[in-house]
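Protein chains: 2
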Amino acid sequence: MSAGTWSEFELIARLTAGLPSREEVVVGIGDDCAVLDTGGPRLLLLTCDSQVEGVHFTLHTSSPQEVGRKALAINLSDIAAMGGEPRYALISLHIPRRCPLEVLEGLYTGLRQEAAAAQTLIIGGNVSGTGAAETLAIDITLLGESERGRVLTRAGARVGDTIFVTGYPGDSAAGLHSLLYPDHPYPPTACERLRAVHRVPRPRLAEGRLLSQLGPQIVTALIDVSDGLSGDLGHICERSGVGASIEVARLPLSAELQALAATLGRDPLAWALHGGEDYELLFTVAPGYEETVQARFAAAGAAPITPIGQITEAASGLRLRWPDGREEPLSVQSWDHFTTPGQARST
Amino acid sequence: MSAGTWSEFELIARLTAGLPSREEVVVGIGDDCAVLDTGGPRLLLLTCDSQVEGVHFTLHTSSPQEVGRKALAINLSDIAAMGGEPRYALISLHIPRRCPLEVLEGLYTGLRQEAAAAQTLIIGGNVSGTGAAETLAIDITLLGESERGRVLTRAGARVGDTIFVTGYPGDSAAGLHSLLYPDHPYPPTACERLRAVHRVPRPRLAEGRLLSQLGPQIVTALIDVSDGLSGDLGHICERSGVGASIEVARLPLSAELQALAATLGRDPLAWALHGGEDYELLFTVAPGYEETVQARFAAAGAAPITPIGQITEAASGLRLRWPDGREEPLSVQSWDHFTTPGQARST
Numbered sequence: 001m002s003a004g005t006w007s008e009f010e011l012i013a014r015l016t017a018g019l020p021s022r023e024e025v026v027v028g029i030g031d032d033c034a035v036l037d038t039g040g041p042r043l044l045l046l047t048c049d050s051q052v053e054g055v056h057f058t059l060h061t062s063s064p065q066e067v068g069r070k071a072l073a074i075n076l077s078d079i080a081a082m083g084g085e086p087r088y089a090l091i092s093l094h095i096p097r098r099c100p101l102e103v104l105e106g107l108y109t110g111l112r113q114e115a116a117a118a119q120t121l122i123i124g125g126n127v128s129g130t131g132a133a134e135t136l137a138i139d140i141t142l143l144g145e146s147e148r149g150r151v152l153t154r155a156g157a158r159v160g161d162t163i164f165v166t167g168y169p170g171d172s173a174a175g176l177h178s179l180l181y182p183d184h185p186y187p188p189t190a191c192e193r194l195r196a197v198h199r200v201p202r203p204r205l206a207e208g209r210l211l212s213q214l215g216p217q218i219v220t221a222l223i224d225v226s227d228g229l230s231g232d233l234g235h236i237c238e239r240s241g242v243g244a245s246i247e248v249a250r251l252p253l254s255a256e257l258q259a260l261a262a263t264l265g266r267d268p269l270a271w272a273l274h275g276g277e278d279y280e281l282l283f284t285v286a287p288g289y290e291e292t293v294q295a296r297f298a299a300a301g302a303a304p305i306t307p308i309g310q311i312t313e314a315a316s317g318l319r320l321r322w323p324d325g326r327e328e329p330l331s332v333q334s335w336d337h338f339t340t341p342g343q344a345r346s347t
Numbered sequence: 001m002s003a004g005t006w007s008e009f010e011l012i013a014r015l016t017a018g019l020p021s022r023e024e025v026v027v028g029i030g031d032d033c034a035v036l037d038t039g040g041p042r043l044l045l046l047t048c049d050s051q052v053e054g055v056h057f058t059l060h061t062s063s064p065q066e067v068g069r070k071a072l073a074i075n076l077s078d079i080a081a082m083g084g085e086p087r088y089a090l091i092s093l094h095i096p097r098r099c100p101l102e103v104l105e106g107l108y109t110g111l112r113q114e115a116a117a118a119q120t121l122i123i124g125g126n127v128s129g130t131g132a133a134e135t136l137a138i139d140i141t142l143l144g145e146s147e148r149g150r151v152l153t154r155a156g157a158r159v160g161d162t163i164f165v166t167g168y169p170g171d172s173a174a175g176l177h178s179l180l181y182p183d184h185p186y187p188p189t190a191c192e193r194l195r196a197v198h199r200v201p202r203p204r205l206a207e208g209r210l211l212s213q214l215g216p217q218i219v220t221a222l223i224d225v226s227d228g229l230s231g232d233l234g235h236i237c238e239r240s241g242v243g244a245s246i247e248v249a250r251l252p253l254s255a256e257l258q259a260l261a262a263t264l265g266r267d268p269l270a271w272a273l274h275g276g277e278d279y280e281l282l283f284t285v286a287p288g289y290e291e292t293v294q295a296r297f298a299a300a301g302a303a304p305i306t307p308i309g310q311i312t313e314a315a316s317g318l319r320l321r322w323p324d325g326r327e328e329p330l331s332v333q334s335w336d337h338f339t340t341p342g343q344a345r346s347t
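Protein chains in written order, with UniProt numbering: chain G, 1 to 347; chain X, 1 to 347.
By construction, these hints were calculated from the structure, which means they are not laboratory data. The structure displayed is predicted, hence computed values, not measured ones. One thing to keep in mind: the hints can contain errors.
[To be verified] Residues of chain X clear of chain G, computed beta-carbon distances all greater than 10 Å:
{"#": "1", "residue": "G54"}
{"#": "2", "residue": "A116"}
{"#": "3", "residue": "T135"}
{"#": "4", "residue": "A137"}
{"#": "5", "residue": "E147"}
{"#": "6", "residue": "G156"}
{"#": "7", "residue": "T162"}
{"#": "8", "residue": "D183"}
{"#": "9", "residue": "R202"}
{"#": "10", "residue": "A206"}
{"#": "11", "residue": "P216"}
{"#": "12", "residue": "E238"}
{"#": "13", "residue": "A270"}
{"#": "14", "residue": "G317"}
{"#": "15", "residue": "W322"}
[What the hints assert, rightly or not] Quick list of the computed label-pair ranges, beta carbon to beta carbon:
{"#": "16", "chain 1": "X", "residue 1": "H60", "chain 2": "G", "residue 2": "A116", "range": "38 to 46 Å"}
{"#": "17", "chain 1": "X", "residue 1": "G241", "chain 2": "G", "residue 2": "A117", "range": "33 to 41 Å"}
{"#": "18", "chain 1": "X", "residue 1": "P304", "chain 2": "G", "residue 2": "R22", "range": "27 to 35 Å"}
{"#": "19", "chain 1": "X", "residue 1": "A255", "chain 2": "G", "residue 2": "L19", "range": "34 to 42 Å"}
{"#": "20", "chain 1": "G", "residue 1": "R98", "chain 2": "X", "residue 2": "A116", "range": "38 to 46 Å"}
{"#": "21", "chain 1": "G", "residue 1": "G325", "chain 2": "X", "residue 2": "R22", "range": "52 to 60 Å"}
{"#": "22", "chain 1": "G", "residue 1": "R14", "chain 2": "X", "residue 2": "T292", "range": "46 to 54 Å"}
Idealized CB from N, CA, C, for every residue including glycine.
If we strip away everything but chain G, and leave its shape as in the complex, we get (with noise of 0.2 Å):
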């Protein structure tokens, strides 16, 4: 049996089972963060996650300093998908000998720019080389910090909360396919703007607070959705012990992911449910407050944001509606960088 042969949810599962816990440990393994109560005026966030060449990332699709970006934007994401403000990093990198340093600089420069624009400071780190790996890899840990009782986590959705989405989901996933299939006649303007939001995310850390600041009594569960649109939702539903039903017709797909769909005679909705990499925030609302959640976005004049479905019952799983009033089931395919990159898992 090889580590290939599982998901990365299973593989931790599996290796994780059982690890002791102490009292001031809000929030263990299974959520986008960690939540540690130290005693101190707030709580603690942290979260980790690695950007590896090859898997994550190649330096033909996206400039050095875009991948730094990439990599320090997708762990603000897992601090805004507990609705908490990022404040320190650290940048762990695996150089391969012959890395030119332009490489290693142009990193650095995208880590500084993300790092500036999230307040967040980068405070420690480490570089190791590689043997006789030629991959270039990034591992970031980053702390947050949260007030207590307005931490979200993904195990709080309830039978009848809103289900809402931030965003154009499946953009990101467009974006690289036009960046693995490069030779297409794709729509210039369309294209462009897609693989910028694949090369570098925009975590929702202003949106993440604006959803802290509701608090958990409105705002029952949240993630970011990194896994794509039916695998993110489907950890809700499993960290909440509910079901799901999504309304096709309510699914925000952005013009340009149309666009390019046309072009290619896809369907766009394989990657607006399936994508991988949105770090949009997906969420549930208690029923009664959805106006208010979304008053106060537009208020603040935040991302947009679009209900897209219920929550329903454990029994019913996790199901699409048509606008006809027809139901299937929503299997989820998600994008799993341990298993063959490039290859959906479906589980």
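Once you have looked at the hints, place chain X on chain G.
Same frame as chain G, now just chain X:
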């Protein structure tokens, strides 16, 4: 210009030059840990360090369990090197597809053992594939705590201070030598102990706490010996703006190190002075407090400590003093994992 032409320290200095900081960052980049004052009852210590297959370990010379223990132990040692208490760990694994599940389970068994021994909780992490690379890597971020005013850094050594070291430096490097060149008829008992020290170093957590309790007025500087005694003494001197003189006759050489060196016809001093990965503590004590420190260690049943020299003026640099009174410059020949594995670096 490629990364491999730079040392780890030169590269970090270049990439992180001029990074912004804030008031709550008590210690930033350049010590064993970053230290944060987040307003809680204790200061937070943060460190991260990697173990990469073929660079820091091989599965031919260490079991997966030993690799797991060491990966956490070297991070625990960084907490010890500030006088802190370890609390929480994040584990990031880079896993080749073909890596057997038993290797990962062995690794995690080692991580669990070492975490339990240090009362440290594993609260999160990440797993990632490695693409085309066949190299297993483990990145660990460790959070610790310490009392305000009790954090010990590399920066406080003053002229006239006495330099101490715990345990027996050189043992790990001698153990590594016997693993890299296994065909020599080594004395079996000595060889086994030295190899065990190399495979699973014991972080000097209790000793770090003792030094922290004595406080920075008595214990003026502290570091752990990861790069080799000469290299890490060099770090203290650089950060403190001082020089140092080591008395050759006082260097504590273990019986096993001497036995191994004798069968090889080698000088055990080179290992003691320049061998890396000892994870002993190297510290400086203000004049007049040497006996206080020794008595405290003896009373606590802590590791043996040995005074090995004096802090001098910066202009003197690092020097070795022989029993006949002769002095010579001590050149730093650190083990630098970032340059070619197995090749010592002279600076």
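Verification of the hints:
no.	hint	verdict
1	G54	violated, 3 Å
2	A116	violated, 7 Å
3	T135	violated, 4 Å
4	A137	violated, 6 Å
5	E147	holds, 13 Å
6	G156	holds, 19 Å
7	T162	holds, 30 Å
8	D183	holds, 23 Å
9	R202	holds, 21 Å
10	A206	holds, 20 Å
11	P216	holds, 21 Å
12	E238	holds, 18 Å
13	A270	holds, 23 Å
14	G317	holds, 26 Å
15	W322	holds, 36 Å
16	X:H60 x G:A116: 38 to 46 Å	holds, 45 Å
17	X:G241 x G:A117: 33 to 41 Å	holds, 36 Å
18	X:P304 x G:R22: 27 to 35 Å	holds, 33 Å
19	X:A255 x G:L19: 34 to 42 Å	holds, 40 Å
20	G:R98 x X:A116: 38 to 46 Å	holds, 40 Å
21	G:G325 x X:R22: 52 to 60 Å	holds, 56 Å
22	G:R14 x X:T292: 46 to 54 Å	holds, 50 Å
Hint compliance for this structure: hints 1, 2, 3, 4 are not met, and every other hint is.
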